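Heads up: the protein sequence lines correspond to chains A and B, in order.
Be aware that the first sequence starts at 1, since it is given in the working numbering, and climbs by one per residue.
Be aware that the second sequence starts at 1, since it is given in the working numbering, and climbs by one per residue.
Simulated from the structure, these hints should not be mistaken for lab results.
Computed from a prediction, not measured in an experiment: that's the story for all the values here.
Even for Gly, the Cβ is constructed at its ideal location relative to N, Cα and C.
Warning: the hint list may mix true and false statements.
Residues from chain B shown here face chain A by an in silico Cβ test under 8 Å; the list is partial [said to hold, decoys possible]:
1. T74
2. V92
3. Q99
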Amino acid sequence: MGKSDMPNKSIVERLGGQKVIVLLVVMVLFAFFCIASPNFRQYSTVLSILDYSYYIALMAIGVTFPLITGGVDLSIGTGLICYSLVGGYLVVHKGCPTIVGILVAVAFGVAIGLLNGALVALMNLPPFMATLCTCMITRGLGALIVNRLGISWPTSGTEGSWFRDIFKTTIGDIKVPLGFLWVVLLVALMAFVLNHTPIGRYAIAIGSNKEAVALSGINVRFYHTMAYVISGLFAGLAAVAYSAVFSTVQPGTGAGFELEAIGGAIIGGVSATGGAGSVEGSLLGVFVICLLKTGLPYVGLQANWQQIITGLVLIGAVLVDILKKKRSGELRAA
Amino acid sequence: MGEVILTMKDIDKTFPGVHALDHVNFEVRKGEVHALMGENGAGKSTLMKVLTGIYAKDSGTITYEGKEVSFHNTREAQDAGIVIVHQELNMVGHLTVAQNIYIGREFRKGIRIDDKKMNEEAAKLFDRLRIHIDPTETMSSLTVGKQQMCEIAKAISRDAKVIIFDEPSAALTEAEIEELFKIIRDLREQQVGIVYISHRMDEIKVITDRVTVMRDGAYVGTLITKDCSKEDIINMMVGRVIYEDPKACSAVPPDAPVVLRVEHLNAGRMVQNVSFELHKGEILGFSGLMGAGRTETARAIFGADPKESGDIYINGKKVEINSPQDAVRNGIGYLSEDRKQFGIVVQKTVAENSTLANLGNFMRGLFINKRKEAQVAQQYVDSLATKTPSVEQLVVNLSGGNQQKVVIAKWLVKDCEILIFDEPTRGIDVGAKNEIYKLMNRLAAEGKSIIMISSEMTEILRMSDRVLVMCEGKKTGELDIQEATQETIMTLATREISI
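Given the sequences, and given the hints that come with them, work out the whole structure.
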């Protein structure tokens, strides 16, 4: 009770809910930084924001799935560095072609995703614990394999550096952020997977009422695992994007990347308790974080402020989620 | 009644420490409604779980459509045509009605799920069942009753040959129960075998053809419904006769002081201008159909939900109650209809739960005085006759009736003068029910004042000194127990509903 038969849909909800608000936030933030700082409103700044956004956006697309099942994947940040190190090691030190390094990095991501899925869906470890463990494992493993040395994937202009052009290519004199196109296409693909295929449908259902899904005769373990495999796959793709954008990959880093991706997804409307969310929203949320990260230094606020402000924005996003639930009667005052 | 479609013979199942099913026999014929009855823990649900493959049986045979079968999971049972409508709602709140009905067997167009076709098929299904629900509505936005209807539609959509209804009416309004019965009669007409599990004796008499009774995991017997009386069934269930007469007259002296006075309470659509008085030592029954606003009224009084306007007086003094803390401070205790969610902390011990609302009195400096806590808890375990091996037992291991007693103990420890019981015997078996009734009468006799919200007419008539009836968020009348009958109450409870 306390639920009404006819939910009063506001204009915002009809237009796509939180996504619209987040899109507005992105535009307002961008406009604000453009007005506040002449240095910000330059093409090179836009390029650098996009460069920094690819790997976070890819992680966010993937982690949207575990989040929607009511879980989380903390291993994507350190995992990303680990996959990039392993792939780069093969290319730089073992003379493998670049494509092999890329495929190994992505495959490694899928493997860790499978491991996460097995721990969560088959062995019933809490997702937080399971992925915290694989987070630590990948962090150590990456450093171990490269013997604690940084890896530099082939730099632009050298042989085997074609993969860098996938993300940023030069046409005439203009640098074109091609990576943005790939991110948008992948968002469209995964939005389709989430909304129109069993993998997505059951991820939402598991996050909403796992017991009911099991009683419907659905292979819950398989679909629950798939959410983590998708997260691992996109961490692998993020590793490729990271390798392409940055000159050197340092072992031991990567912790904290996952928080930007998860934060972006939550800002973009993924419910912190599972069951609701969208891939498009997660992408928009990532842009909020990336704009803050890049833009705040331009208005004289140092990097630490970005973290504080991102934290505050996240609290706001989670509060919005709770308010929505309270209104729809899912939560009652205890 | 047609030929036998399902026979369960000598089914035996042991869980560690419990002989859950002791060589049970059960059969279902085509086109019959077969009631399965027994107290909680009698083994009804376990038997149905063995049938649908959720549990594996230790021994015995299941014959279905002439062949011996053994299902390994619900999917296999469903595919064979045996489906169960669960007691708890098994709905995915974030998905739409149609997505829920076809979950696990979605229509496909390539790799894509064909939502359009699912909506069309669901609409056809609802048409056939004469239910008015929009298939594209999000499940969590429906009322509990409508969600239950969707659950039933889901079972029917599987072309089932045997449908098991596990307490389907618990959350339905009278009108919805009528709808349900219409659907069940249609299914019977179509030669579907129906198992109907319910505690409500009136329904059993109305809708079923045969009754099988279980007790303590064992098969007691099977009766033809129209040839037996309620008492026959109850005697088989409990092995003793139960007193079910209504209260003859109010036990409260006419000059008993007013303990609680509520004036013009408003809280949303469900609580509109409600006023009433509660006397010392009185049991005031709150009657009405589901969704009449009884629980909402109680929650508003208790400060659990915000109120828009209205005054509350306790012992003649006006009090401000804006949160449950305020209510507890003013001596009001609330026993929620959903014990597990709001009433108790199941993973804590009996002792810890008993002192939860009044921990301040059990502190020694910064620490909890465990010995005093255990002593007091034991005292209430004794006086309420709570069946628990010790006060250190986790509450989750107790039966529903004994959990309810722990919640009562919690508010008694806090020394509450006003107790609000919201559906105090829901999900509690017949034997334990009587103990709760006795306890409530004793508390009233000791001078506690009780508001009892109940959807069971017999409970209202048996327990109340006075009955307040609500409908659609408004109070529609107050009856002294002497003038209260099923008819007078029902008339008030449906007054606001225009048909």
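Hints, verified against the model:
no. : hint : in the structure
1   : T74  : 5 Å, holds
2   : V92  : 4 Å, holds
3   : Q99  : 7 Å, holds
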